[in-house]
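There are 2 protein chains.
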Amino acid sequence: MIKRYLLTPGPTPVPPEVALKMAEPIIHHRTPEFSKIFSEVRGGLQKLFQTAGDVLVLASSGTGAMEASVVNLLSAGDRVIVVNGGKFGERWTKICQSYGVVVEELKVEWGEAVAVDRVRAALEQFPDAKALLVQASETSTTAVHPVEEIAALTRTRETLLIVDGITAVGVYDVPMDRSGVDVLVTGSQKALMLPPGLAFVALSERAWKRADKPHLPSFYFDLNRERKNQADNTTAYTPAVSLVFGLHAVLEMLEQEGYENVFRRHARLAAATRAAGAALGLKPLAPRAPSPAATGLYMPAGLDSGKLTKYLRDKVGVSFAGGQDHLKGKIVRIAHIGYFGDFDIVTAIAALEMALTKFGARVDFGSGVAAAERVLVEGLPSV
Amino acid sequence: MIKRYLLTPGPTPVPPEVALKMAEPIIHHRTPEFSKIFSEVRGGLQKLFQTAGDVLVLASSGTGAMEASVVNLLSAGDRVIVVNGGKFGERWTKICQSYGVVVEELKVEWGEAVAVDRVRAALEQFPDAKALLVQASETSTTAVHPVEEIAALTRTRETLLIVDGITAVGVYDVPMDRSGVDVLVTGSQKALMLPPGLAFVALSERAWKRADKPHLPSFYFDLNRERKNQADNTTAYTPAVSLVFGLHAVLEMLEQEGYENVFRRHARLAAATRAAGAALGLKPLAPRAPSPAATGLYMPAGLDSGKLTKYLRDKVGVSFAGGQDHLKGKIVRIAHIGYFGDFDIVTAIAALEMALTKFGARVDFGSGVAAAERVLVEGLPSV
Chain A
-16 MIKRYLLTPG PTPVPPEVAL KMAEPIIHHR TPEFSKIFSE VRGGLQKLFQ
34 TAGDVLVLAS SGTGAMEASV VNLLSAGDRV IVVNGGKFGE RWTKICQSYG
84 VVVEELKVEW GEAVAVDRVR AALEQFPDAK ALLVQASETS TTAVHPVEEI
134 AALTRTRETL LIVDGITAVG VYDVPMDRSG VDVLVTGSQK ALMLPPGLAF
184 VALSERAWKR ADKPHLPSFY FDLNRERKNQ ADNTTAYTPA VSLVFGLHAV
234 LEMLEQEGYE NVFRRHARLA AATRAAGAAL GLKPLAPRAP SPAATGLYMP
284 AGLDSGKLTK YLRDKVGVSF AGGQDHLKGK IVRIAHIGYF GDFDIVTAIA
334 ALEMALTKFG ARVDFGSGVA AAERVLVEGL PSV
Chain B
-16 MIKRYLLTPG PTPVPPEVAL KMAEPIIHHR TPEFSKIFSE VRGGLQKLFQ
34 TAGDVLVLAS SGTGAMEASV VNLLSAGDRV IVVNGGKFGE RWTKICQSYG
84 VVVEELKVEW GEAVAVDRVR AALEQFPDAK ALLVQASETS TTAVHPVEEI
134 AALTRTRETL LIVDGITAVG VYDVPMDRSG VDVLVTGSQK ALMLPPGLAF
184 VALSERAWKR ADKPHLPSFY FDLNRERKNQ ADNTTAYTPA VSLVFGLHAV
234 LEMLEQEGYE NVFRRHARLA AATRAAGAAL GLKPLAPRAP SPAATGLYMP
284 AGLDSGKLTK YLRDKVGVSF AGGQDHLKGK IVRIAHIGYF GDFDIVTAIA
334 ALEMALTKFG ARVDFGSGVA AAERVLVEGL PSV
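Chains A and B supply the protein sequences, listed in that same order. Read in order, the letters of the first sequence correspond to residues -16 to 366 in our numbering. Read in order, the letters of the second sequence correspond to residues -16 to 366 in our numbering.
For the record, the hints were derived by calculation from the structure and aren't laboratory data. These figures come from a predicted structure and were not determined experimentally. One thing to keep in mind: the hints can contain errors.
The list treats identical chains as one, so a pair stands whether inside a single copy or across any two.
[Unchecked claim] List of simulated lysine-lysine pairs, BS3-like, C-alpha gap at most 27 angstroms: (1) K298 to K341; (2) K4 to K(-14); (3) K298 to K(-14); (4) K290 to K313; (5) K(-14) to K30; (6) K4 to K298; (7) K77 to K4.
Using the sequences provided together with the hints, build the complete structure.
Right, dumping it as structure tokens:
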């Protein structure tokens, strides 16, 4: 008998009360009942995104909303700057290139944040760049890029700032309107504690102006059509009704908790995980700009992290993410995004301690857990 | 946001696949569909109870099956011997006395097993005792009584052995037929990983002979009527249909795991919990005969365990059981029965370490978890 623990940075665990909400009888989407829920969801999403503008709901994965940002704002032959510091930076490049958009890449070492000076230099070198595309949190490297500082550079220029906030929105403070982000994207299976299947995208006023003429060919991801429909509390095409039910419940939960507390929750679990990693002598992948969504840790030299994560998943029941591309076999990524609690971190670290031992590493049992507990206990309510 | 962990010795957690099974559409119970499931359940219960006889399914809590044992086998004025070493031993006495059965109590200090010599002496002192009633595992004190050794004494006498196996059956080896237990009782919310609501009772051949004439007044708990009905794969009164669906799934899971592995699983988690308690310097409640179902630990002197368990439940999300009667405020009981895994023990111990600190006790963070890990890692599959 194996109990399963999903400790990956997406999909993430779904709270039981949300799962029950999604199990409610399906209703038709062209009804006042659905529109009422959808209207409340729209309001909640504005708070989540910290924007006065529309946050559009798409039935797609986060990549769909990334693509929607590109096809509604760019044209073939346009030049863009892409910050590529991991698999998802690379994804911006691939999407743009699929449509003939010319990409100037700022390659960033995996695990590092892009230097603001490099961004400034690129904006000066390519003043015709129609957009700068970046991740807020680069899930593949567990590093964050300095989006607010980048926004301070783009908001006075013609270059739009398009941000993949998939493991950032609802994890830590990304004040869209206040900082001047032009496009912000997220997905349902991260901080929103839902199954995958919904994506969200919000545009600034100047981005909507840029989107008002047809750009790249697309039917499904036509954001003007969606915006018009969603203003009437409906969607252009069939929405993922059950996921919208779940989203309704989640937004209510998050507001009840208060977004400041939500951000504090993620920061605390991240700090505990990093402390545990340090106590175990595991080198962090993103020491200078660690994401509050997940923590990447190098495994001891010679230990294949792919084998370790497979062992943990298949034989112990604990799922971590591994590394991709040149980090394959070298790291594990432990998530703390969404419906994670103190004892998920304790579980993750205890599982890691035991698995490392099984793979021949020298581990002082309990030392990682102790370091995590020392951080966690500080945030526990008083007696 | 608080994630909830139910780490009490009943109710216990329900596996998600079982919960989904119980959420299937309800069917009528007087149908071939229900009878087919019920017939398979009856076969599975015989393996669970290690008996060739009927195991009857009752829609009641475990106490209902305890009462059924009394009312079908005893008469007012009969003398019985009750081993009373905790709340559930006391319950045997109360049930018997409610019906005018004369109870000779063998009082046992809480946390101790009854001495076999005392049982022998009582059987010799009261050769007219119609039954000896005992717990296999006394949940309130986390101690086990030596049922097989007691059965060796009763099976050659006229005194029937009636055993409350509520936190024993499916937890460790209780070979009913082989050891000569006359009545064995259990409930759904323990090793069977189900919600409360079902109870089970099996009788030996000589117990059925004793039950063939009317005894104490009862309508609902008439085991002869149930036996007749259940032989036809139906029940005398409306069965708890969804729970029977769940039971069907659970019995299949347990058989697939193999009962030897099930017993080993419980023993391993119990050993890890005891090791953690020892490492934390917490005195065990049942050092000589610890139950594989739950571990009782004394809290440090002056620390109110009731306040600690309330704090953990309400503010941290972790539910332990406390102590009852004279142990109230003195102990916590950590369960490892049913759908428990390694990381439930890790969670329990980490929660205890942090809570003890919050209540002013001196705790070496991670020391209990380390001791648990040292036991658990031995049982993990090889790489």
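Verification of the supplied hints:
{"no.": "1", "hint": "K298 to K341", "result": "within (12 angstroms within a copy, 35 angstroms between copies)"}
{"no.": "2", "hint": "K4 to K(-14)", "result": "both (23 angstroms within a copy, 17 angstroms between copies)"}
{"no.": "3", "hint": "K298 to K(-14)", "result": "both (10 angstroms within a copy, 25 angstroms between copies)"}
{"no.": "4", "hint": "K290 to K313", "result": "within (10 angstroms within a copy, 45 angstroms between copies)"}
{"no.": "5", "hint": "K(-14) to K30", "result": "between (36 angstroms within a copy, 24 angstroms between copies)"}
{"no.": "6", "hint": "K4 to K298", "result": "between (32 angstroms within a copy, 25 angstroms between copies)"}
{"no.": "7", "hint": "K77 to K4", "result": "neither (37 angstroms within a copy, 44 angstroms between copies)"}
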